[in-house]
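J.: Using the sequences provided together with the hints, build the complete structure.
For the record, the sequence lines run as chains E and P.
FYI, the numbering for the first sequence is 1 to 112, going by our numbering.
FYI, the numbering for the second sequence is 1 to 113, going by our numbering.
Please keep in mind that the hints were generated in silico from the structure rather than gathered at the bench.
None of these values were measured; they are calculated from a predicted model.
There may be inaccurate statements among the hints.
[Claimed, not checked] Covered by chain E, according to a simulated footprint, are these stretches of chain P (three or more residues, beta-carbon under 8 Å):
| # | segment |
| --- | --- |
| 1 | 35-46 |
| 2 | 56-63 |
| 3 | 105-112 |
For glycine and all other residues, C-beta sits at the position ideal for the given N, C-alpha and C.
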Amino acid sequence: KNQVEQSPQSLIILEGKNCTLQCNYTVSPFSNLRWYKQDTGRGPVSLTIMTFSENTKSNGRYTATLDADTKQSSLHITASQLSDSASYICVVRRAGGFKTIFGAGTRLFVKA
Amino acid sequence: GAGVSQTPSNKVTEKGKYVELRCDPISGHTALYWYRQSLGQGPEFLIYFQGTGAADDSGLPNDRFFAVRPEGSVSTLKIQRTERGDSAVYLCASSLGGQETQYFGPGTRLLVL
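T.: This is the structure we're talking about:
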């Protein structure tokens, strides 16, 4: 079982609408959680990073939340644009090591 | 350079052949990671270098896979006796240190026929 689970697997929304992507993890002990955006055919690009003590972090139209007690995170995208079409990957780092554990990603399609 | 670069961008080979994939990290980045990404999946950790040494190679699937970083900069991922199941995108990432943001290259798409 993957230690980082993301939902939904894919999502289609209309341009201008908001959406929220979910990430649940079981990785322990926890160090930090990142959200990455991966365009088709490209490497992932970091959007946000949150440590145990942070509940929310924004980067433009992207807002990530973290509940370390329930081990859940979400990524909220406001006023979506066509260029937001990509895979969004949740990544958790285990404390005390170097390995990062990636979720399978949510594939977002933004339609005009 | 401006970012992480990987060569070749695409590689087609036959089952049983040997391949080398190259990664040029961002200048000054001491940490370098290799990942493998199958279609529709997130990247899967393979190996992590801190400087010239492999600090964690627990993700390498078997002894057909090997990676080097002899001068602490460029890294080469080597796959011997390739199998069809090795077909994937191989991503390289680098960071200033082991805990810093990882910057990914565009990947090498490997297809084993």
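J.: Run every hint past the structure and note whether it holds.
T.: Going down the list of hints, with the structure as the test:
1. For the segment 35-46 of chain P, the stated coverage by chain E is satisfied: 7 residues place a CB nearer than 8 Å to a CB of that chain, which reaches the threshold of 3.
2. Under the rule that three or more residues need a Cβ within less than 8 Å of chain E, the assignment of the segment 56-63 of chain P holds, with 3 such residues.
3. Closer than 8 Å: that is the beta-carbon criterion, and the segment 105-112 of chain P has 3 residues meeting it against chain E, so the requirement of 3 holds.
In summary, the structure agrees with every hint in the numbered list given earlier.
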